[in-house]
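Trainee: Line by line, the protein sequences are chains W and B. Counting from 1, position 50 in the first sequence corresponds to residue 50 in our numbering; the numbering is continuous, with no gaps. Counting from 1, position 105 in the second sequence corresponds to residue 105 in our numbering; the numbering is continuous, with no gaps.
Think of the hints as simulated: they come from the structure by calculation, not from any bench. In this text, all values refer to a predicted model and were calculated from it rather than measured experimentally. Just so it is clear, CB atoms sit at the ideal spot from N, CA and C, and this is done for glycine as well. There could be a bad hint or two in this list.
[Said to hold, decoys possible] Here are a few chain B residues that sit away from chain W, every Cβ distance over 10 angstroms (derived from the structure):
(1) T5
(2) D11
(3) K69
[Unchecked claim] Rough simulated footprint, nothing fancy, chain B against chain W, three-plus residues with beta-carbon under 8 angstroms:
(4) 58 to 71
(5) 104 to 112
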Amino acid sequence: DARVTQTPRHKVTEMGQEVTMRCQPILGHNTVFWYRQTMMQGLELLAYFRNRAPLDDSGMPKDRFSAEMPDATLATLKIQPSEPRDSAVYFCASGGSGQYNSPLHFGNGTRLTVT
Amino acid sequence: DAKTTQPPSMDCAEGRAANLPCNHSTISGNEYVYWYRQIHSQGPQYIIHGLKNNETNEMASLIITEDRKSSTLILPHATLRDTAVYYCIVRVAAAGNKLTFGGGTRVLVKP
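Could you put together the complete structure from these sequences and hints?
Mentor: Shown next as structure tokens:
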């Protein structure tokens with residue numbers, strides 16, 4: 001089965017360090033989404049791309065977060081500098097372009113702990 | 001996107017059908033109903049979606065009322081592995097559009 005791949009699965013870092021999370025969308029999908037999940041806030045949309053161009057990143061703290069798609073097979077989410085409140089599970093999802101109602105498919109996330 | 005209302009939790013007996021309700025009374029004509037579930041420590045998993053007709057796949061059935069103001073996800077024979085949080089989401093039919101998650105229903109399948 002085609003799947004969205006996220007690396008690393010777990011990341012523990014100290015406050016102030018840079019964190020980079022990577023996502024490989026399903027081959028042929030042209031939309032990529034980044035979500036964050038915490039106990040308090042649930043699943044929140046951070047940013048999303050279509051055809052590698054950012055469509056909406058209003059959910060993302062601009063001063064420390066950045067999201068890019070260097071190519072069609074890789075999406076990255078960076079936090080610099082990281083803070084304890086960034087501790088969460090970060091999910092990437094991708095969607096197909098063939099139909100406007102095609103479902104999104106999610107990876108299994110990167111669990112980030114900032115101490 | 002229209003808001004949805006789901007019960008926060010429900011229990012189900014293993015082997016029995018699980019019927020998960022969802023209210024979406026403000027749904028628009030161009031919004032689909034999607035169901036996802038999230039098993040502990042995994043990403044959300046797509047289950048099924050529909051516009052106005054009932055839908056069935058290998059995982060579940062989706063029943064949408066005629067006025068489209070509510071729907072029910074049916075897991076025909078619940079197993080312990082179906083224990084998860086189930087999310088009902090309405091989503092505008094537009095290319096590459098986002099999903100907005102609510103609180104979902106925490107379903108516990110009991111032996």
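Trainee: The structure should be examined with respect to each hint, and the outcome stated for every one.
Mentor: Each hint tested on the structure:
| no. | hint | in the structure |
| --- | --- | --- |
| 1 | T5 | 15 angstroms, holds |
| 2 | D11 | 22 angstroms, holds |
| 3 | K69 | 19 angstroms, holds |
| 4 | 58 to 71 | violated (count 0) |
| 5 | 104 to 112 | holds (count 6) |
The structure fails hint 4 only (numbered hints given earlier).
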